Amino acid sequence: MTPNLYLWLIPVLPLAGAAINGFFGRSFSKKTISAVALFFPGIAFLYALDIAAMFSSSAAPYFCELAPWIRAGAFHADFAFYLDQLSLVMLLVVTGVGFLIHIYSVGYMADDDGYYRFMSYLNLFMFFMLTLILAKNYLLMFIGWEGVGLASYLLIGFWFIKDSAASAGKKAFIVNRIGDFGFLIALFLLIKHFGTLDFTKLFEQIAAQPVEAAGIGTLTSIGLLLMVGAAGKSAQIPLYVWLPDAMEGPTPVSALIHAATMVTAGVYMVARSHAIFERAPGALTVVAIVGTLTALFAATIGICQTDIKKVLAYSTVSQLGYMFMACGVAAFSAGIFHLMTHAFFKGLLFLAAGSVIHGVGGEQDMRKMGGLRQYMPVTFATMGIATLAIAGIPGLAGFFSKDEILWKAYSSPYGSWIYWLIGVVTAFITSFYMFRLMYMTFAGDYRGATASAAHAHGDRSHGHGHGEPHESPWVMLGPLVVLAILSVFGGWIGVGGRFEHFLAPVFQSAPAADTVGETASSGVEHLLMAVSIVAAGLGWILAWLLYSRLPKLPGVIAEAFGSLYRAVANKYYIDELYAVLFVKPVVDGSSAILWKGVDQGIIDAIVNNAADAARHTSDNLRHMQSGNLRSYAGWVAAGGAVVIAYMIWMGVR
Amino acid sequence: MTSVTAIPLPYYLILSGILFVCGVLGFLIKRNIITIFMSIELMLNGVNLSFVAFAAHWHVLSGQVFVFFVMVVAAAEAAVGLAIIIAVYRTRETLNVDQVNLLKL
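Just so you know, the protein sequences line up as chains D and Y, in that order.
For what it's worth, the numbering used here labels the leading residue of the first sequence as 604, then goes sequentially.
For what it's worth, the numbering used here labels the leading residue of the second sequence as 170, then goes sequentially.
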């Protein structure tokens, strides 16, 4: 019997914060709201740290049964929580990064009218995300899964008066529904074939199954459907389109939900379901291919974006692709490692971008920034660190995790040199667009309007007048500094395979990719590492050449590759393609068939015709009631005569 | 069949039928409310006659009893009916039913 850790407290604490601020926040002062909103996630974070300190690998996994939920025959799904090494990592990332972003939001959203609403939503998100992570069965996980979708919808559409924000929220919600559909069907299949959704019982049964080597079996179908769900939540091809639009939300939301935590839920779910995927190599291959393609595809779009947050959004999609690539070659721990480091540096990048946007008065277009280094040195320094980390410069967090993934993609029994090659190309592109972002934002001269015209458009959280760009307050810079430190040192826990060994008990049934890696010559590993470092360096140099040294050149290149450049700048017209392929048929079909055909033609017609018929009949009948007494008497007599005639001719009986 | 055998049953029934038909015709043809009212009484008494005739013929009392009920109801009806007729006459100053035709759509 493991000690009771009261795991349920961790999700419930932010829920309490969300409820207090949500119900009573309107009448609270800003200070009270901030205190409530920071207190509960803060306590949750401290408690998570406490649990981490008590955590011993030998006693894991810990269980906590809170209450029975669904008990139908042999099928059980309870409010039960589960903690092993994998959920512990996620728990620390979510509570830690989440808490930092809460602090940041206090500064960033201070001037917004919906402050209490925002803080309440953020706490609500934490509740659902922690439920997702700590759930002991797929059904409870699905609650968290849907809940973070809801919180994401609420926060993307936070400035719901703005039309684009409202429709971006809807888009995110609807695209996620498609993924959730796959997830749900996977759950139904699991119930049908194994009769349970409980992780321990389920994976025990699945472990007894043979590997489905050829064709599509049950486990392969389940794996593919789970991947559909993961692709929706984690913005993979073909369901990634919602994430760039989600940047309509306030920047802390982009950092917390659409970079650090929620979008990684798909990776977590795939890693959690590793037992299924290991026995379905076909599904694994699909995961790897989708991840690899998404990584490359999104990175190329990132090159041509001019909105600072859109660049980061495509970068997030691309990095998530890396994580799926890792999961797809059965290197789940590498995927989770990258998930963790990515949470640090991408959270930092978004928060720093938010600081920049805050500093220049709501402007998000990088062409109107530039030279901000002298105005906001702390933001520059922290964002620079994050850029070095994501680009894969040795010594920083991103280098270790990305290199781990690339090495696994090459050496794993499921891997292939193609994955590795695309991964390295993507690393080069990543490095290029990130340094492009840095040069456009911080180098050169300030290109934005210095007058108060700057805050006429853009981020509505800025009521105060803007002259010169200015550094953000320390309540915002503090989280930046903490995350910068994590972005530097966060990768070192993976040195020498320590992180992998820590997670090994969770993934122990995996066909050990690490042993394969160790038997392969370390010379190859070092060579591949060197290549990826060179790729990152080349990306930096190219960005420096194009955006610092020869600022006219990008325009010339864009001219030279006219149609290609326009295709990339317009995100390969994927949104337009989806509009033609899916949205338009649905809209047209709905209006032509469902609206005008079924609703107006059948349902309305039945009701209206029934009413018309009744009116005509009664219109005719009402003339019988003439008011003439003798005609009534005549009718009575006639009726009596008919009755008598009937009785005479037909007999009384 | 000791005392009233002088007149056979069909005679009573024929008279009863004649009375009833007179009532019906009067009801349908006449326009004066009081005449219509009297026609109704005529129909009732036509029926009453057939009741007592059958009762005497079959030696059952229920027919006689029924007649008393009919007479009681007819008396009540007459009281209420005449009151209504007076009220109608006071408001509309006519007893012609063709002119009392407000109750219609």
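These are calculated hints, taken from the structure and not from any lab test.
Keep in mind it's a predicted model, so treat the numbers as computed, not measured.
Please note that a few of the clues may not be correct.
As the list claims (entries may be wrong) - Pulled a few chain D residues facing chain Y out of the computed Cβ check, cut under 10 Å: (1) N1212; (2) A1214; (3) A1216; (4) R1225; (5) L1232; (6) A1236.
What the hints assert, rightly or not - Sample of chain Y residues lacking proximity to chain D, with all beta carbon distances greater than 12 Å (derived): (7) I176; (8) L178; (9) Y180; (10) F196; (11) I198; (12) A224; (13) V234; (14) A252; (15) Y258.
Every residue gets a Cβ at the ideal spot worked out from N, C-alpha and C, and that includes glycine.
Hint check:
no.: 1; hint: N1212; in the structure: violated (24 Å)
no.: 2; hint: A1214; in the structure: violated (19 Å)
no.: 3; hint: A1216; in the structure: violated (19 Å)
no.: 4; hint: R1225; in the structure: holds (5 Å)
no.: 5; hint: L1232; in the structure: holds (4 Å)
no.: 6; hint: A1236; in the structure: holds (5 Å)
no.: 7; hint: I176; in the structure: holds (25 Å)
no.: 8; hint: L178; in the structure: holds (19 Å)
no.: 9; hint: Y180; in the structure: holds (21 Å)
no.: 10; hint: F196; in the structure: violated (5 Å)
no.: 11; hint: I198; in the structure: violated (8 Å)
no.: 12; hint: A224; in the structure: holds (20 Å)
no.: 13; hint: V234; in the structure: holds (23 Å)
no.: 14; hint: A252; in the structure: holds (18 Å)
no.: 15; hint: Y258; in the structure: holds (15 Å)
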